[in-house]
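Residue numbers (our numbering), protein chains in the order written: chain A, 2 to 367; chain B, 2 to 367.
Hints should not be assumed to be uniformly reliable.
Pairs count within a copy or across copies, as identical chains cannot be separated in the list.
[Unchecked claim] Calculated pairs, DSS-like style, for lysine-lysine (alpha carbon to alpha carbon, straight line, at most 27 Å): (1) K42 - K83; (2) K86 - K338; (3) K223 - K158; (4) K134 - K236; (5) K284 - K49; (6) K338 - K134; (7) K119 - K42; (8) K83 - K136; (9) K270 - K340; (10) K49 - K119; (11) K86 - K223; (12) K42 - K158.
Derived from the structure by calculation, the hints contain no laboratory data.
Treat the numbers as computed from the prediction; the structure is a model and nothing was measured.
Number of protein chains: 2
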Amino acid sequence: MEELNITPRTLMGPGPSDVSFRVLKALSTPLIGHLDPQFLKIMDHTQKMLRALFQTENKMTLAISGTGTSGMEACFVNLLEKGDKILIGVNGVFGSRMVEISERCEAEIYTVTSDWGKIIPVDEFINKIRELKPKVAALVHAETSTGVLQPLEEIGKVCQEMGTLLLIDCVTSLGGCPVKIDEWGVDAAYSGTQKCLSCPPGLSPVTFSDRAMEVIRNRTTKVQSWYLDLTMLDKYWGSERVYHHTAPISMNYALYEALRIIFEEGLEKRFARHKRNHELLVKGLQELGFRLSSQEGHRLPMLNAVIVPDGIDEAHLRKSLLTEYNLEIGAGLGPLKGKILRIGLMGESCTPNHVELILAALRNLI
Amino acid sequence: MEELNITPRTLMGPGPSDVSFRVLKALSTPLIGHLDPQFLKIMDHTQKMLRALFQTENKMTLAISGTGTSGMEACFVNLLEKGDKILIGVNGVFGSRMVEISERCEAEIYTVTSDWGKIIPVDEFINKIRELKPKVAALVHAETSTGVLQPLEEIGKVCQEMGTLLLIDCVTSLGGCPVKIDEWGVDAAYSGTQKCLSCPPGLSPVTFSDRAMEVIRNRTTKVQSWYLDLTMLDKYWGSERVYHHTAPISMNYALYEALRIIFEEGLEKRFARHKRNHELLVKGLQELGFRLSSQEGHRLPMLNAVIVPDGIDEAHLRKSLLTEYNLEIGAGLGPLKGKILRIGLMGESCTPNHVELILAALRNLI
Numbered sequence: 002m003e004e005l006n007i008t009p010r011t012l013m014g015p016g017p018s019d020v021s022f023r024v025l026k027a028l029s030t031p032l033i034g035h036l037d038p039q040f041l042k043i044m045d046h047t048q049k050m051l052r053a054l055f056q057t058e059n060k061m062t063l064a065i066s067g068t069g070t071s072g073m074e075a076c077f078v079n080l081l082e083k084g085d086k087i088l089i090g091v092n093g094v095f096g097s098r099m100v101e102i103s104e105r106c107e108a109e110i111y112t113v114t115s116d117w118g119k120i121i122p123v124d125e126f127i128n129k130i131r132e133l134k135p136k137v138a139a140l141v142h143a144e145t146s147t148g149v150l151q152p153l154e155e156i157g158k159v160c161q162e163m164g165t166l167l168l169i170d171c172v173t174s175l176g177g178c179p180v181k182i183d184e185w186g187v188d189a190a191y192s193g194t195q196k197c198l199s200c201p202p203g204l205s206p207v208t209f210s211d212r213a214m215e216v217i218r219n220r221t222t223k224v225q226s227w228y229l230d231l232t233m234l235d236k237y238w239g240s241e242r243v244y245h246h247t248a249p250i251s252m253n254y255a256l257y258e259a260l261r262i263i264f265e266e267g268l269e270k271r272f273a274r275h276k277r278n279h280e281l282l283v284k285g286l287q288e289l290g291f292r293l294s295s296q297e298g299h300r301l302p303m304l305n306a307v308i309v310p311d312g313i314d315e316a317h318l319r320k321s322l323l324t325e326y327n328l329e330i331g332a333g334l335g336p337l338k339g340k341i342l343r344i345g346l347m348g349e350s351c352t353p354n355h356v357e358l359i360l361a362a363l364r365n366l367i
Numbered sequence: 002m003e004e005l006n007i008t009p010r011t012l013m014g015p016g017p018s019d020v021s022f023r024v025l026k027a028l029s030t031p032l033i034g035h036l037d038p039q040f041l042k043i044m045d046h047t048q049k050m051l052r053a054l055f056q057t058e059n060k061m062t063l064a065i066s067g068t069g070t071s072g073m074e075a076c077f078v079n080l081l082e083k084g085d086k087i088l089i090g091v092n093g094v095f096g097s098r099m100v101e102i103s104e105r106c107e108a109e110i111y112t113v114t115s116d117w118g119k120i121i122p123v124d125e126f127i128n129k130i131r132e133l134k135p136k137v138a139a140l141v142h143a144e145t146s147t148g149v150l151q152p153l154e155e156i157g158k159v160c161q162e163m164g165t166l167l168l169i170d171c172v173t174s175l176g177g178c179p180v181k182i183d184e185w186g187v188d189a190a191y192s193g194t195q196k197c198l199s200c201p202p203g204l205s206p207v208t209f210s211d212r213a214m215e216v217i218r219n220r221t222t223k224v225q226s227w228y229l230d231l232t233m234l235d236k237y238w239g240s241e242r243v244y245h246h247t248a249p250i251s252m253n254y255a256l257y258e259a260l261r262i263i264f265e266e267g268l269e270k271r272f273a274r275h276k277r278n279h280e281l282l283v284k285g286l287q288e289l290g291f292r293l294s295s296q297e298g299h300r301l302p303m304l305n306a307v308i309v310p311d312g313i314d315e316a317h318l319r320k321s322l323l324t325e326y327n328l329e330i331g332a333g334l335g336p337l338k339g340k341i342l343r344i345g346l347m348g349e350s351c352t353p354n355h356v357e358l359i360l361a362a363l364r365n366l367i
């Protein structure tokens, strides 16, 4: 079989984002065992950095050994038992996926929907929580399929008041804009490594409040996934260090280094950088005649959903960007297929140079 | 947080095994997208090499985006529906884990047990298949916790005859001794990358026969795991290329290179190397007064379970190997905790030099 010989790309899609050479170097560190004292120390330090990133004191903060969707599944299968009530906000691919996973947990599912590209109306969602008193309320903080940022603070307050567990998807937002788990009253959250953390895909940072863990420890049925059972993962990541599965050592090296880079920059500076380059991109896109499709005032800085102008073949445009510029951007998904382009500015891919490049390429191609 | 600064180890435990610098280099290849034509080509070529490794024509042969246990779970949750009959051979940790996962599928579970360190008696298992006519019969081909190699050929014939699906765990055997999926009549198998493939942990190669896929496609209920649902994974790994989850790109680079290395050596030569070094190790261990704990005639070449001699503190011995020699070996698990040591000779860790090193270190320490 031929040698691995990759033409490098500039990654400006919905993830993976560009990865620092420091993280690539960390990946190539020789392997050690998953119970080696050196690895246990890496796990401890990773947990500390993940807590700082999630802005939480949650003891149960760790990286699930799978991609973002495995972290998503971990949240749902641990929190839900058959017949439990869950309220889900659905305004894109990842809200829909929450429903699909909850169905497989045989939960009693209620939804508040909104047009793709708009937020879930906060009042409507809150009213539904008061009315239904669900065990879990789930929302996508950063809907990667539409570029929308969901406000959570008020919802968090009501969830705390009603005893509802608030579960959020922050796959795309974590590390690129504020995600304040404790301040907002979030009980469970999952993310991915390949977005604003600029680490390769393959791990899913998650965090669970003590309240959520108590619910999990008091389940009457076993978690339907053995691999994702948090009570067992707790024994491996916690002080007992009981073997559960063989952790992906190399990916954990990468995450460790990616987190170090994040804290060298500092969260506030990092968030400001994402905001600044987003504004630069939007300005440039507008000058080229593009309009954003996501609701104004609720736009993600790291994922820009752009309406495909009339007369432009978007598949051809993306192909030209890839073949002529080695530049990857994302297509629309679901009902937005063919209608939008998704331009990511995540982590290492969020620089003025990236903005200049995509604008220049678009200018030449349209 | 301090820089990642790992003291290298020689890995002679139950996995991870030593990884070639070529694989470490592949890991550090810059990222591309999970739908990039270059990545899709890597997936195609990986599938081809995995089929050759599993010695199968199964179309549905791919790497699950998680560690070996996720591949294990993928097999059980896809093949089993609530109330389905399954017969499981239990003679170690991984047979017990099969039972635990099947319980979470609410299957009707039957077991044939055997002492840890002995094979599951073939006749007894076959008689049970004839008697119970289970939907699935599951066995661990290479029981990593005991060092036992389970004969499968006769059982495979009876499963084919009875219409029972034969499911095997070949996490430790794949790439180190023959695993003949088609010839033996195996319908589903899962493995890991960190054993005889000498690739870091993080992916789980699996293969499913057409017969198994037909059963899965005709399920009356949805697979309880969305992440591991093979009907959806088939659409991503198959020709449709429908986005399901973001594949762990770097890990797939590593697997690609690890498989290339395997086929450069050739399967027969590789299996012979594992056998040869195993024999060398056993001879040396016997000269030092050690005895193997696994059943004679059914010993794994790549995982050697050694009885801890009287008067030796095994935890102290393992610690000395790690601190004085940077040499990792494995402890006993479950009922064998404190009673055996597990010495791995897997992939890159299976060389005469590795054998010399462990023997010299043991000679000095006991």
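*Given identical chains, is K134 near K236, meaning Cα to Cα at most 27 Å, within a copy, between copies, both, or neither?*
The answer is neither: 32 Å in one copy and 38 Å across copies each exceed 27 Å.
*Intra/inter-copy verdict for K270 and K340 if alpha-carbon distance must be at most 27 Å*: neither (33 Å within a copy, 54 Å between copies)
*For K338 vs K134, is the C-alpha pair at or below 27 Å within one copy, between two copies, both, or neither?*
neither (35 Å within a copy, 48 Å between copies)
*What label fits K42 with K83 when the C-alpha limit is 27 Å: within, between, both, or neither?*
neither (37 Å within a copy, 41 Å between copies)
*For the identical chains here, do K83 and K136 meet the 27 Å Cα criterion within one copy, between copies, both, or neither?*
The answer is both: 12 Å in one copy and 25 Å across copies each meet 27 Å.
*State whether the alpha carbon distance between K86 and K338 is at most 27 Å within one copy, between copies, both, or neither.*
neither (32 Å within a copy, 43 Å between copies)
*Indicate which option fits the pair K119, K42 if close means a Cα-Cα distance not exceeding 27 Å: within, between, both or neither.*
neither (43 Å within a copy, 37 Å between copies)
_When Cα atoms must be at most 27 Å apart, do K42 and K158 count as within-copy, between-copy, both, or neither?_
neither (36 Å within a copy, 48 Å between copies)
_Homo-oligomer pair classification [K49, K284; C-alpha up to 27 Å]_ = neither (38 Å within a copy, 47 Å between copies)
*Taking 27 Å as the upper bound on the Cα-Cα distance, should K86 and K223 be classified as within, between, both, or neither?*
both (18 Å within a copy, 20 Å between copies)
*Check K223 against K158 for me: Cα-Cα at most 27 Å, and say if that holds within a copy, between copies, both or neither.*
So K223 and K158 fail the 27 Å test inside a copy (30 Å) and across (35 Å) alike.
_Identical-chain pair category, K49 with K119, by Cα at 27 Å_ = For K49 and K119, neither the intra-copy (35 Å) nor the inter-copy (44 Å) Cα distance is at most 27 Å.
Violated hints, in rising order: 1, 2, 3, 4, 5, 6, 7, 9, 10, 12; the structure is consistent with all others.
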